[in-house]
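Asker: One letter stands for each residue in the lines below.
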Amino acid sequence: MNNPFPLSREGLLTAYRRMRTIREFEERLHVEFATGDIAGFVHLYAGEEAAGVGIMMHLEDHDRIASTHRGHGHCIAKGVDVKAMMAEIYGKATGACAGKGGSMHIADLSRGMMGANGILGAGAPLICGAGLAAQKLGHDGVGITFFGDGASNQGTVLESMNLAAIWNLPVIFVVENNGYAESTSVDYAVASDSYVDRAAGFGMPGITVDGTDFFAVYEAAGEVIRRAREGGGPSLLECKMIRFYGHFEGDAQTYRAPGENEANRQHRDCLKIFTGKILEAGVVETGELAVIDSEVADLIEDALEGAKAAPLPSAAELTTDVYVTY
Amino acid sequence: MNNPFPLSREGLLTAYRRMRTIREFEERLHVEFATGDIAGFVHLYAGEEAAGVGIMMHLEDHDRIASTHRGHGHCIAKGVDVKAMMAEIYGKATGACAGKGGSMHIADLSRGMMGANGILGAGAPLICGAGLAAQKLGHDGVGITFFGDGASNQGTVLESMNLAAIWNLPVIFVVENNGYAESTSVDYAVASDSYVDRAAGFGMPGITVDGTDFFAVYEAAGEVIRRAREGGGPSLLECKMIRFYGHFEGDAQTYRAPGENEANRQHRDCLKIFTGKILEAGVVETGELAVIDSEVADLIEDALEGAKAAPLPSAAELTTDVYVTY
Amino acid sequence: MARTLSMKDAINEALDQEMGRDPTVVVLGEDIVGGTGSPGEDDAWGGAMGVTKGLIHKHPGQLIDTPLSESAYIGAAIGAATCGLRPVAELMFVDFMGVCLDQIFNQAAKFRYMFGGKAETPVVIRATCGAGFRAAAQHSQMLTPIFTHIPGLKVVCPSNAYDTKGLLIQSIRDNDPVIFLEHKNLYDRETDVPEESYAIPFGEASIAREGTDVTIVTYGMMVPYSLEASETLKREGIDVEVIDLRTLSPIDLDTVFESVEMTGRLVCVDEANPRCSIASDVAAAVAQEAFGSLKGPVAMVTAPHAPVPFSSALEDLYIPSPERIADGVRQTMGERSS
Amino acid sequence: MARTLSMKDAINEALDQEMGRDPTVVVLGEDIVGGTGSPGEDDAWGGAMGVTKGLIHKHPGQLIDTPLSESAYIGAAIGAATCGLRPVAELMFVDFMGVCLDQIFNQAAKFRYMFGGKAETPVVIRATCGAGFRAAAQHSQMLTPIFTHIPGLKVVCPSNAYDTKGLLIQSIRDNDPVIFLEHKNLYDRETDVPEESYAIPFGEASIAREGTDVTIVTYGMMVPYSLEASETLKREGIDVEVIDLRTLSPIDLDTVFESVEMTGRLVCVDEANPRCSIASDVAAAVAQEAFGSLKGPVAMVTAPHAPVPFSSALEDLYIPSPERIADGVRQTMGERSS
Ligand SMILES: Cc1ncc(C[n+]2csc(CCOP(=O)(O)OP(=O)(O)O)c2C)c(N)n1
Ligand SMILES: Cc1ncc(C[n+]2csc(CCOP(=O)(O)OP(=O)(O)O)c2C)c(N)n1
Ligand SMILES: [Mg+2]
Ligand SMILES: [Mg+2]
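Residue numbers (my numbering), protein chains in the order written: chain R, 47 to 372; chain C, 47 to 372; chain H, 238 to 575; chain E, 238 to 575.
If you are wondering where the hints come from, they were derived from the structure by calculation, not from laboratory data. We treat Cβ as the ideally placed atom computed from N, Cα and C, and that holds for glycine. Certain hints may be false.
List time: in silico SDA-like cross-link candidates among lysine to any residue, alpha-carbon distance up to 20 Å [as the list claims (entries may be wrong)]:
no.	chain 1	residue 1	chain 2	residue 2
1	E	532	H	529
2	R	182	E	260
3	C	323	C	53
4	E	355	R	370
5	C	182	H	258
6	E	355	R	140
7	H	290	R	292
8	E	471	E	561
9	C	182	H	321
Each pair of labels, with its calculated beta carbon distance range [stated by the list, open to error]:
no.	chain 1	residue 1	chain 2	residue 2	range
10	R	251	C	49	46 to 54 Å
11	R	251	H	257	48 to 56 Å
12	E	412	C	313	51 to 59 Å
13	C	73	H	259	43 to 51 Å
Could you put the whole structure together from the sequences, leaning on the hints where they help?
Answerer: Rendered as structure tokens:
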């Protein structure tokens, strides 16, 4: 069988499983949130899966990522345990952060996931640290920081681009450009016409790709990550993408054009685009994907049930782990 | 008489007087500092006069500037009273800030001078506010923020460039690139090869000029200021320049190449270059400049004597003017 | 007949009236209009909590959406305040102060002093504060002590809709920089609020409840909680006076001292973390200035020395509850221990 | 024979020894080497105050000059600390915290808690603090209360060279984020400092002077000033105990309480501004926990509620002087006022 793709059959199925897992996770959260069972701010990654997975397919545990408020997809793509994530979002003792962090702070340093972040742009300096550590400790790990079109105007991000460039750090700056920062358009908020220009202003190469096209992301990410690993320094990668839901759960989205969400779902669903391509090429079969779909559905169902059934943290936890040593 | 310059004879003499005043002010401070009479951090503008004056020749009192730690030159060029400045540096009650600010905080809002600043890059957001106020109040004032090559990497500066661009503010970002941030080279610290590229990354035009050439600065500044006044939005102006002294008084300057300071004084003295040109063109005569020189020398001598003789602030001043109303 | 408004609507009304009165009042922040540059409706958000909703249609040109660059736009508000505008800048959550604090504490707060009295910086920085929203460690802090520590800032943290309107109007008219902190869990609470414009002066605490046995000094969300505790204690025969500071800087210590002179007992209640807090500030002032009136140890009821946890189970323990406040009061009812 | 070192040299030695012991210790900051990329000498500065001078030649690769981007490089130090390095980042003046505070207080300070105990962030942030340098409002602040307020940070502010070496070594070995504040007017003061490496544990105050009549609690530059005041008071027959807190978070209140139990009188001395300060924090703790021991009102001697003025005439009044400290002590010597 002829495989025209840059990934093996197994690779494609892995990518599919990850994207599907994110989608299912987020779609279920959307439904569960509406029941009132889930507290706090929840920002869904649905629609953006191809970017996170396309990039993370190149990473190992010793590679680091610094994520955003919209972090579930990055977590899943980087291998954070889905059940622990779900339990965390429910504020349970079994959660990835023992219930202390919630959706906006899921982290798993053992998988190289340095945390979702409630502060826009905050991951950029942190990932420079990851790059510096890789340099000083002499391993080939890379660091990837994600930020949105809105957060791309944070001073922390901009300073970090300069720092990474002058130190030649193995760091990638990924702009997840979904066109909106909350309700505000990227066209209003970002002065330059192109993120490639912005990268050039900090002496690093930039690429813009269609973030709904897994393969476009995968190839571009492969290139910039390889360069970084080999000591070629940082790059910027802009992924143009779609957020299927509101900014957070509860957003009425009146800032969108009428029919925008429906059109996006129909024509720009990165998961549909991906499956369309791999099925058309005949590399995988519908049945294989259906098996994954049902496994994923079971996993998320399990995760949800587990999360709901899990115990809340005990009162003693209130003041533990403020410090390593007291 | 044929005047090949973009300024009238009077304009040229005014520019000369301002530059000479700055030079004399700084040279005298350098000498006085060595006596131990002057306290605190003092950063001299000597060598950089053509930039500050070349720009400020285009400004009126309703135009605003936000300056840096190296602010004496900007103050003098913007019309702040020289005696009040000197008294301020001596911490006297008659100082521009009643002795409470010192060298790093000289301000005179009535002349559109929003303050020297001890925090690198802090003037950039503030000047955006001046631009916003001009826009909202409907006058044609512009705002100019100065920052060094080192400070050009501050997040505040970078954020402000984006803000000014999307709001189309009448603001100019002036990089005073003297090659060093304290002891560190601009080549090490700034990732991009050109500030024009950096400006492009924020959607604004940028120009680089030889900051030791008064006329180059004057013309470039005239253009970007005119554009800003007419609603054409912000620009970046890089002036490549020379700092004659150390970073601050007391700096041993071992980071410089041997002979660097001497060569600079000889070949790249903006004041010498300026007088060379205007004398050669025959627009002004040596005698006229000599008169200005001696007037300036008297002024600075007066300012110094006045500052030394002036009273210190009274004890009651310690807790006044923390608030407008208590 | 008295009209009631929520705290949210009281803020909206104060901004509305002040923008109407004075065209130099401009309001800026992230999504405070909403939908700028986007294809759908304008006025799409009115801020993350909907507080400024509807104002753009009444005052076009006086509200401005900003990019997500807090240093730049908060700094611009500060700069503009020295140039003839009276900006009200919204920092969505006070927790974000870390990306723009320099403009607030080294610039706005110090201009007047550093420039020898020759600057006025009439800027208001509004921010939501407080826990109870399940918003976790980076969206739930008080941080009131940090701003209160800084000379040159005025710090306001109201507890109800009526005070909020009057204090916000005062903040806008005031010629000093004001940090105006709005507890997000108070937003929907209603009180009587007059329609006409009124200003409440800074530095005047209000006595939220008169009582003779113990003095509680507090502010913000802890005012209703303290009142709740007082009702419980009343049934135990303890008559509590609750002082709502309203402004933390300037602070009205005279009212505190007078009350303690009467009651001899002090409980400082603060939702902020305990170290160098408003609670400790007030307790220390009393120990210095009104020590002779104290019949026994002061008590402090605060959040623990820990970040705000996400889980409801922990967050509910984190926030000083009416029960913990009541315990604090009971503790002070013992006789002088020496 | 005992060897003396200045505080500056003690810091240099601590960094030297720790970098030698552990190759994952890296030191970064602005001009901490100096001359990077410049045509002249390398090691041209050793930091703005020359503290790190000479280290680059002993530990090449372990010191890094940074661009003037505090958020980026302080944040990088924090990120690197979660990835196996033990960075010591220098913030030239603590006054610059406003451009990078988010990385310190929302990131480093909260990781461990937010991530459910699964992170360690062994980072040290060194900064100069304090007035007396004629450096004016933006280069002279203490800001100790702000860091102390924040859970998750440890805050150190030593008063002499001996403690500085031991506390800095402890800071580097500690697995939590440490804010290490060096008073610039102490830099040149010398004490005996052993050559060998030693660590002083956090949360242990030292009794800088034993006395029985009054307890002064203080830290940093105010320790020598308080000792000076004590000598004056001794001649008046007042025997002062001076407690040097050394670490502000954690704080050793037991030592404070014990002393106050003995003396019955407390003077809190703080160079920081007064509101929500270390002085008020300690005074409040005593008013809560050791009230019964107090013979009279506590006194607080602090800077005024004002920015630091430039003029020597004003700055000398701004800083709590030995005379003002002595006055504070005399004030507490009156009998119980009630
Ligand atoms: C420093 C800071 N400012 C503001 C916010 C509030 N906020 C959270 S998400 C968000 C919009 C972010 O937009 P973008 O970066 O484009 O990411 P997206 O939500 O589109 O993924 C805002 C304003 C924040 N969390 N941190
Ligand atoms: C935020 C901040 N970081 C660091 C400093 C310390 N500092 C003062 S001047 C200076 C060097 C500035 O270099 P540059 O911007 O090139 O200006 P120049 O001194 O060359 O005029 C430094 C690091 C400061 N004042 N503020
Ligand atoms: Mg976006
Ligand atoms: Mg420079």
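Asker: For every hint, state whether the structure bears it out.
Answerer: Evaluated hints:
For the given pair, residue 532 of chain E sits about 10 Å from residue 529 of chain H by alpha-carbon distance, which is consistent with the 20 Å threshold. Among the hinted pairs, residue 182 of chain R with residue 260 of chain E is consistent with the structure: their alpha-carbon atoms are about 9 Å apart, no more than 20 Å. Between the alpha carbons of residue 323 of chain C and residue 53 of chain C the distance comes to roughly 13 Å, so the proposed pair stays at or under 20 Å and holds. At roughly 10 Å between alpha-carbon atoms, residue 355 of chain E and residue 370 of chain R fall within 20 Å of each other, so this suggested pair holds.
Distance check on the hinted pair: residue 182 of chain C and residue 258 of chain H sit about 16 Å apart at the alpha-carbon level, within 20 Å; holds. Simply put, residue 355 of chain E and residue 140 of chain R have alpha-carbon atoms about 13 Å apart, close enough for the 20 Å limit, and the pair holds. With a CA separation close to 18 Å, the supplied pair residue 290 of chain H and residue 292 of chain R stays within the 20 Å bound. With a CA separation close to 15 Å, the supplied pair residue 471 of chain E and residue 561 of chain E stays within the 20 Å bound.
The hinted pair formed by residue 182 of chain C and residue 321 of chain H meets the criterion: a straight-line CA distance of about 10 Å does not exceed 20 Å. The hint said 46 to 54 Å for the Cβ distance between residue 251 of chain R and residue 49 of chain C, and at roughly 49 Å that hint holds. Range check, residue 251 of chain R to residue 257 of chain H: Cβ separation about 52 Å, and the 48 to 56 Å hint holds. Range check, residue 412 of chain E to residue 313 of chain C: about 55 Å between beta-carbon atoms, so the 51 to 59 Å window is met.
The given range of 43 to 51 Å is respected by residue 73 of chain C and residue 259 of chain H, whose C-beta atoms sit roughly 48 Å from each other.
Violated hints are absent here; each numbered hint is respected by the structure.
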